[in-house]
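Protein sequence lines, in the order shown, are assigned to chains A and B. Residue numbers for the first sequence follow my numbering, beginning at 1 and rising by one. Residue numbers for the second sequence follow my numbering, beginning at 331 and rising by one.
Calculated directly from the structure, the hints in this document are not laboratory data. All values derive from a computational prediction rather than experimental measurement. Every residue gets a Cβ at the ideal spot worked out from N, C-alpha and C, and that includes glycine. A couple of the hints might just be wrong.
What the hints assert, rightly or not - Computed footprint of chain A on chain B, listed as stretches where at least three residues anywhere in the stretch have a Cβ under 8 Å from a Cβ of chain A:
| no. | segment |
| --- | --- |
| 1 | 348 to 362 |
| 2 | 383 to 393 |
Said to hold, decoys possible - Here are some chain A residues pointing at chain B (derived, C-beta under 8 Å):
| no. | residue |
| --- | --- |
| 3 | L4 |
| 4 | T36 |
| 5 | T105 |
| 6 | P106 |
| 7 | M111 |
| 8 | S180 |
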Amino acid sequence: MMRLPRFQYFAPRTLKDAAGLLSHWGPEASLVAGGTDLWPNMKRRQFTPTRVIGLRGVPELHAITGSPSTGMTVGAMISLTALERHDGVAAMWPALAHAARLISTPPLRNMGTLGGNLCLDTRCNYWNQTLEWRKSIDFCLKKAGSICWVATSSPRCWAVSSSDTAPVLCAIGAEVTLLSTEGERRIPVTQLFRDDGIEYLNKRSNEILTAVHLPPNGGEWRASYRKLRRRGSFDFPVLGVAAAARLDRGVVVEARIVLTGVGSRPHEATEAAEALVGKRLDDPAAVATAVERAARLAKPLDNTDFALGWRKEMSRHHVAAAIADLAAAG
Amino acid sequence: MKLKLHVNGAKHTVEVAPMKRLLDTLREDLALTGTKEGCGEGECGACTVLIDGAAVNACLVPTCQVEGAEVRTVEGLASDGRLHRLQRAFLDNGAAQCGICTPGMMMAALALPKKSSLEQIRAGLAGNLCRCTGYMKIYDAVAQFLAGEKR
Ligand SMILES: Cc1cc2nc3c(=O)[nH]c(=O)nc-3n(C[C@H](O)[C@H](O)[C@H](O)COP(=O)(O)OP(=O)(O)OC[C@H]3O[C@@H](n4cnc5c(N)ncnc54)[C@H](O)[C@@H]3O)c2cc1C
Ligand code: SF4
Ligand code: FES
Ligand code: FES
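Next comes chain A alone, as it looks inside the complex (with noise of 0.2 Å):
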């Protein structure tokens, strides 16, 4: 039985008294959205924060606005399932909504949340295991140990970004809001994330990740989302491609492949998308040269599900498969 260990709970009904929680109690505390990430791993003991400050309580976290010609914010608080049902969200971005419905499963949707999604701490076949298991091999780097059982050589964490939602926001460019009681600070997304297993988040110990901003799309933008996994339901991303294309006329003005679960971050694929660029999406040869360049980025190590040239091999056709979604989405 996983029972959770002790802590103090608080639940704030501002924004305001929730910075102000978060920034006295410091690294001691935690911030708990829907739980579906956090409480698992408390039970884990892979985190034991004193502290948990509940966001539940906060209206200005929980509304969706604006509309496809602005541009939407969507709070932090919103679940996976009101964001996967919203009619404004699922006509600018459908494959945003896309991506929220591949996450987990229908009851983990109901709880967990955008905010969450992209917060998300990485995951590690040797991370996400009980404190008993976890001792019994020796801590590794993550926590509390000194060596990295993935790579034994390697000096840093490769625990891997595991979000659905990330890339599918890096690829259209959406940004979030991040609130301290110092002020406030609007970055894009692709600068949330740093490429560290531990230190996945551009994000200070007392910022709130408060909103998300999805760029306006009056149809001049299309995006699609594939996700590689073992079961069509419950598992996080073994491999995920985000893609995504400004047309002029048929012509690709502007692209963006982003991939997820090869790395300690969402990776975009800069070079892979400039293939693209000026030419149409079924362009073969413009194509091809994109998916050898993407796949070329996917440098998966030994931590996730699946044998290792398997998950590579198959980044290839993720990224194939994500420019088909493109071209067939005209």
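For chain A, the structure is supplied; the task is to place chain B with the ligands on it using the hints.
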């Protein structure tokens, strides 16, 4: 801490640690042992209950978060010793074997829209694992229930 809970239409006051899992409060403090624990970490759906009509995993819900909300568990289905139509459908179709997944399956099924297609039923129950039945009989039972068929 004293918490006021609404479970299956009845009011209860329980004296529990606020962070006690709803799953444990139901089973240990309210003696509602119909809700099962499979994994304790969101990986199986055995603990599924409805909170304000939405299916959630009770193993990941702190009790203090449901104060003021309407909780529904499998015990809320039958009334006056008569089975709920959903339970009857499970019985008719042989949709329960060992029974561990059954309460969670039923609560997840209750949250499905009426007239769901087989595809929608499969997607809606995709958070509930069953190690016995192979799922087909469960889908049949849920389809029968949602179609409003009586036997
Ligand atoms: C069985 C299972 C399967 C899953 N499958 C998937 C999957 O396929 N794809 C996927 O992407 N995820 C998956 N998840 C993970 C998780 O359910 C989702 O990522 C969910 O969106 C997390 O949101 P939450 O609100 O529950 O986060 P929480 O658990 O509440 O928080 C997660 C982290 O984010 C921080 N945080 C939360 N909100 C904020 C905020 N507003 N500002 C700053 N920090 C914040 C918390 O402090 C914590 O560190 C799965 C989880 C389980 C248990
Ligand atoms: S990548 Fe290495 S250091 Fe990081 S969690 Fe896995 S085993 Fe630990
Ligand atoms: S016991 Fe809650 S999901 Fe398995
Ligand atoms: S009947 Fe045994 S787990 Fe479903």
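Restraint check, 8 Å cut-off on beta carbons, for A:M111 near chain B: holds, 5 Å
Proximity test - 8 Å, beta-carbon atoms, the segment 383 to 393 of chain B to chain A, at least three hits: With 8 residues in contact (Cβ-Cβ under 8 Å with chain A), the coverage given for the segment 383 to 393 of chain B holds.
Coverage of the segment 348 to 362 of chain B by chain A, judged on three or more residues with CB within 8 Å: Since three or more residues must qualify, the claim that chain A covers the segment 348 to 362 of chain B holds, with 4 doing so at under 8 Å.
Hint check: 8 Å Cβ-Cβ cutoff, A:P106 to chain B: holds, 5 Å
Chain B contact restraint on A:L4 - CB to CB distance below 8 Å: holds, 5 Å
Restraint outcome when A:T36 is required to lie within 8 Å of chain B by C-beta distance: Because about 6 Å separates A:T36 from the closest Cβ in chain B, which is inside the 8 Å limit, the hint holds.
When the least beta-carbon distance from A:S180 to chain B is tested against 8 Å, hint result: Hint violated; A:S180 Cβ to chain B Cβ min 25 Å, cut 8 Å.
A:T105 as an interface hint toward chain B, with CB separation required under 8 Å: Constraint on A:T105 satisfied, holds at 3 Å.
Checked against the numbered hints above, the structure breaks only hint 8 and satisfies the rest.
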